[in-house]
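Please assemble the complex out of the two chains, which come individually in their own frames, going by the hints.
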Amino acid sequence: DTGVSQDPRHKITKRGQNVTFRCDPISEHNRLYWYRQTLGQGPEFLTYFQNEAQLEKSRLLSDRFSAERPKGSFSTLEIQRTEQGDSAMYLCASGRGSGGSHEQYFGPGTRLTVT
Amino acid sequence: RKEVEQDPGPFNVPEGATVAFNCTYSNSASQSFFWYRQDCRKEPKLLMSVYSSGNEDGRFTAQLNRASQYISLLIRDSKLSDSATYLCVGHMNTGFQKLVFGTGTRLLVSP
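Protein sequence lines, in the order shown, are assigned to chains A and B.
Under my numbering, the final residue of the first sequence carries the number 115; numbering is consecutive throughout.
Under my numbering, the final residue of the second sequence carries the number 111; numbering is consecutive throughout.
This is chain B alone, in the form it adopts within the complex (with noise of 0.2 Å):
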């Protein structure tokens, strides 16, 4: 089983729409999380960091659920230029520093 899985997608929109993607994690030390975001061919960036409950960031609405051991990306009223990969990230408190990601997440908004 693969330390964090996320549906590969595509995930289809149109514009304005709101949209949730849901990553689950195998190992429970895991301790903070991220998601990233990677649009083709360039490299993935920061979008926002998962360090307790949740977070927000203007449409962008992270949460994290320790007991399901789940994380979920919310985007509110979608734009074309939404329209990338997003990763999955964990970061395992095992006294490790890597980051372990899941395969992403494609979104396409569409007009």
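Pulled out of the complex, with its shape left as it was, chain A reads as follows (with noise of 0.2 Å):
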């Protein structure tokens, strides 16, 4: 499969506890983005990885949250105490980025339920 792969696909923690995902992006692709989506709504926006570099952040990003990409290969985010507000599911996507071309596909999600 050359699709994106995420890690886990289900999480249960109980509130208070740090948990980390993981995305593996399509092979080619420089750009890789993380989303939450709640019920009901769409994808939001939580920040993005052209190669190594987070070039952008969401204000939804809070200090508990942190993502990185040390190799500008697969990337990983981190909550820190995790909050029941905190339950959604986990999307990451990535992109080519070039020829001006701004599509990106979509792994699995992690889906996360804070108890």
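Derived from the structure by calculation, the hints contain no laboratory data.
The beta carbon of each residue, even a glycine, is placed where N, CA and C say it ideally should be.
One should not assume that every hint holds.
[What the hints assert, rightly or not] As a list, the in silico DSSO-like pairs of lysine-lysine whose alpha-carbon atoms are at most 27 Å apart:
| id | chain 1 | residue 1 | chain 2 | residue 2 |
| --- | --- | --- | --- | --- |
| 1 | B | K45 | B | K79 |
| 2 | A | K14 | A | K57 |
| 3 | B | K2 | B | K45 |
| 4 | B | K45 | A | K57 |
| 5 | A | K14 | B | K42 |
| 6 | A | K11 | B | K42 |
| 7 | A | K11 | A | K71 |
| 8 | A | K57 | A | K71 |
| 9 | B | K79 | B | K42 |
| 10 | B | K2 | A | K57 |
| 11 | B | K42 | A | K57 |
| 12 | A | K11 | B | K45 |
[Unchecked claim] Cβ pair distances, simulated, as ranges:
| id | chain 1 | residue 1 | chain 2 | residue 2 | range |
| --- | --- | --- | --- | --- | --- |
| 13 | A | S101 | B | T61 | 14 to 22 Å |
| 14 | A | S101 | B | L108 | 31 to 39 Å |
| 15 | B | Q69 | A | D63 | 31 to 39 Å |
| 16 | B | N65 | A | T2 | 31 to 39 Å |
| 17 | B | E15 | A | E78 | 45 to 53 Å |
| 18 | A | G16 | B | N27 | 37 to 45 Å |
If you want it as structure tokens, here you go:
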């Protein structure tokens, strides 16, 4: 499968615990994005990497959230001291970003439930 | 006002019908638009890109009206498998690379 992959697919955690999600983009894509989606809403942008550089962060990304893409390939999203309001689907997407293309391709997501 | 607005539906149509969704956007700097399809509890999948006035792909036609700031998606000869949520998406040409999603329009195609 050469699409975007995410791990884990589901995560249940207790409030106050830290969680980390991983995203592996399509191999030739240099752009990587994280989004969050709650029920009945479209995905909301969290952050964006071009290669290893984090170029953009949403105001939604509080201090408890951190994302990395150390070698410009896979990325991790960590949430510290989780809260019930963090329960959502966390989606990763990648894009080529060349030739003026802004198309993004999504992974299957990590569904987080904070109890 | 949301940057991208859609009628949430649901649109209930019989198999074989033609159905159209509209979407409006508020940021005139938006340059590129997309329609994504999302099945229940699945990830969004790119359906069509709309870079200029419109695009057609088989039974699907997308149109862009920059003067009125709306995008439409027309589905002809609806299939049961077209039942899904259709997300209207804009790319902001402001140096940022984020996509801005509408809340989606739900389509239910019945036999």
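The hints, checked one at a time:
1. Using a Cα cut-off of 27 Å, the hinted pair B:K45 and B:K79 holds, with the two alpha carbons roughly 17 Å apart.
2. For the hint linking A:K14 to A:K57, the alpha-carbon distance of about 26 Å falls within 27 Å, and the restraint holds.
3. Straight-line distance between C-alpha atoms of B:K2 and B:K45 comes to about 22 Å, which keeps the hinted pair within the 27 Å bound.
4. Restraint check: the Cα-Cα separation between B:K45 and A:K57 comes to about 23 Å, which is no more than 27 Å; the hinted pair holds.
5. With a CA separation close to 24 Å, the supplied pair A:K14 and B:K42 stays within the 27 Å bound.
6. Annotation: proposed proximity of A:K11 to B:K42 holds, straight-line Cα distance about 16 Å (limit 27 Å).
7. A distance of roughly 25 Å separates the Cα atoms of A:K11 and A:K71; the hinted pair therefore holds under the 27 Å criterion.
8. With a C-alpha separation of about 19 Å, the suggested pairing of A:K57 with A:K71 holds against the 27 Å cut-off.
9. Restraint check: the Cα-Cα separation between B:K79 and B:K42 comes to about 19 Å, which is no more than 27 Å; the hinted pair holds.
10. As the CA atoms of B:K2 and A:K57 are separated by approximately 19 Å, the hinted pair is consistent with the 27 Å bound.
11. For the hint pairing B:K42 with A:K57, the CA-to-CA distance comes to about 25 Å; that is within 27 Å, so the pair holds.
12. At most 27 Å may separate the alpha-carbon atoms for a hinted pair to count; A:K11 and B:K45 meet this at roughly 23 Å.
13. The supplied range of 14 to 22 Å is met by A:S101 and B:T61, whose beta-carbon atoms lie about 21 Å from each other.
14. Between A:S101 and B:L108, the C-beta spacing of about 32 Å keeps the proposed range 31 to 39 Å intact.
15. Judged by the Cβ atoms, the range 31 to 39 Å given for B:Q69 and A:D63 holds: they are separated by roughly 36 Å.
16. Taken as a hint, the range 31 to 39 Å holds for the pair B:N65 and A:T2, whose Cβ atoms sit roughly 36 Å apart.
17. For B:E15 paired with A:E78, a C-beta distance near 46 Å keeps the hint of 45 to 53 Å intact.
18. Against the hinted window of 37 to 45 Å, the Cβ-Cβ separation of A:G16 and B:N27 comes to about 38 Å, which satisfies the hint.
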